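Peer 1: The residues making up each chain are set out below.
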Amino acid sequence: MTKYRIDIRRKHGLADPEGATTARALHDLGYSGVVDVSFGRVIFVDTDDGDASDVAAMCEQLLANPVIEEYAIEVVE
Amino acid sequence: MKAAVVVFPGSNCERDVVHALSTLGVDARTVWHRETSLEGFDGVVIPGGFAHGDYLRTGAIARFSPVMREVERFADEGRPVVGICNGFQVLCEARLLPGALVANRDLRFICRPVDMRVESTGSVLTGEASVGDVLRLPLNSYEGNFVAPAAELERIEAHGQVLLRYCDPDGDVTDEANPNGSSNSIAGIRNESGNVAGLMPHPERASDPVLGSTGGVPLLASLATALVPASA
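So the sequences go chain by chain: A and B.
Reminder that position 25 of the first sequence reads as 25 in this note's numbering, one-by-one numbering, no gaps.
Take any residue in the second sequence, count from 1 to its spot, add 77: that is its number in this note's numbering.
Please note that the accuracy of each hint is not assured.
[What the hints assert, rightly or not] Covered by chain B, per the in silico footprint, the following chain A stretches (three or more residues, Cβ under 8 angstroms):
(1) 8-15
(2) 60-68
[Unchecked claim] Some chain A residues near chain B, calculated using beta-carbon distances under 10 angstroms:
(3) E18
(4) A20
(5) T21
(6) R41
(7) I43
Note that these hints are calculated values from the structure, not bench results.
Because the structure is a prediction, the values reported are computed rather than measured.
Note that CB positions come from ideal geometry on N, CA and C, so glycine has one too.
Only chain B is shown next, with the shape it has when bound in the complex (with noise of 0.2 angstroms):
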């Protein structure tokens, strides 16, 4: 089990995110963006942040980022692809996962805690969780607001891709309980395969009860059981 998390200038939470997954026996490590290999890694993950500042639109140029090849190639060979918050955004704007994300819907940042339901089990994010578990993670984001066209968000929902919609505690899935604005509450997505998936919470900042919080376990559990060498 053996993932790298891909640092960009303007990454944040890296190392939470390889501490996180190191409690849960992955061997986690940081890796530049410039690096142009990925050989020896299980599975891949995106963290949050404002990679190269942000310009232009989020995730718009760390997309073109040398270690993102690999990360498309990972993506093409059915290995494990995850992104959180800015890593969400970039893996949509490598249309690795369909739509995009934009300003909130009240202009706001938004950092607190949310709910979410789990929607689908058929992913490499949420493998270990069961559909109507109500998760509660850190929301830390301005452009959270996840869109598609009609057409794409018919069939993101017919093929059952949305992994996590906002709800409210009782994970009732209502306007009042969607944060952001996000088109159908949408929280997380998969590719059609499920080996790509990416949310806006952060998993990692709800891994451990001195967090206040340990709702992102039963994500980063499914992803470390879904690091599984290549050869196996």
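Looking at chain A on its own, in the form it has when it is part of the complex (with noise of 0.2 angstroms):
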């Protein structure tokens, strides 16, 4: 079996209300040289006969929209 760790990402550029709201309290905290914020997801995905390409697919199908986001794929364990 192979764990995936799946990481997606709203695309540059797109509005990311809950990181725009975040990036707002940290300068209020005084963290002024935050420039970014951005939120995202990790998603596992454990399977017995699937490759990177299957994940990739999962992804550009189901689990990211492709539309708004961007997705990076790992092998955990």
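With the hints as a guide, bring both chains together as one complex.
Peer 2: Given below as structure tokens:
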């Protein structure tokens, strides 16, 4: 069995209201050097018979929305 | 005039849509999302709600429900397909409409009437309206913020696919009148051929004076007019 870690992020330049709000809060706390905050999600997929190209297909089809998100796949164990 | 109103686990307002369309003379019926045939229907409405709990992303799971193959077929055949609120999100996830809906700019669930201006009559949702009409409809969403990559947004505008823009009561499109941060104040769009349309506000909740507004009637009446049998 292979465990994949998939990191999904909003594409750069598209609205990320959670990130923008968090960046403002960090500024309020004095972290004036913060330029950008963006949110994403992490999905772990354990599979017996899939390779990285299958996981990429899963991302394109369901796990990510390629219109507004980008993703990175990593084997973790 | 026969319309299917798709029901997913977590849909809402489907009966409101059925009722509102029925008062306009449409034979509207709810259809469970596991259904594999929409034979006999002239068009389909995907109502609001939180289909499949909105897990993963709004509309992401719903777009793979069995009934969606039929919805895609209807879209391909040029028949009316309309998505309201969550239904709009489902149609974007299914790539039947461009762009996507993300969290509102101010990270607040918005539940109030908002004004919007009709931008185009070239769709099954606005054929009976007039450009410049200002409609007041209830908005009821957390993820109603329409976004699209810059090139796609340009295409949407260039092809006149914007149907509705948030505006003030006088019809002026301003940042202050944009409730959720949607790009270009977009409240509703269509596909290139105009038979698939989606909007975030709820026309069925503004379809009778007893509900406090009839702003949704021109939109639902447009859909009723567009629901002609395929053989006609």
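Peer 1: Are the hints correct? Go through all of them and say.
Peer 2: Here's how the hints hold up against the structure:
no.	hint	in the structure
1	8-15	holds (count 5)
2	60-68	holds (count 5)
3	E18	6 angstroms, holds
4	A20	8 angstroms, holds
5	T21	6 angstroms, holds
6	R41	9 angstroms, holds
7	I43	9 angstroms, holds
Violated hints for the displayed structure: none, as all numbered hints are satisfied.
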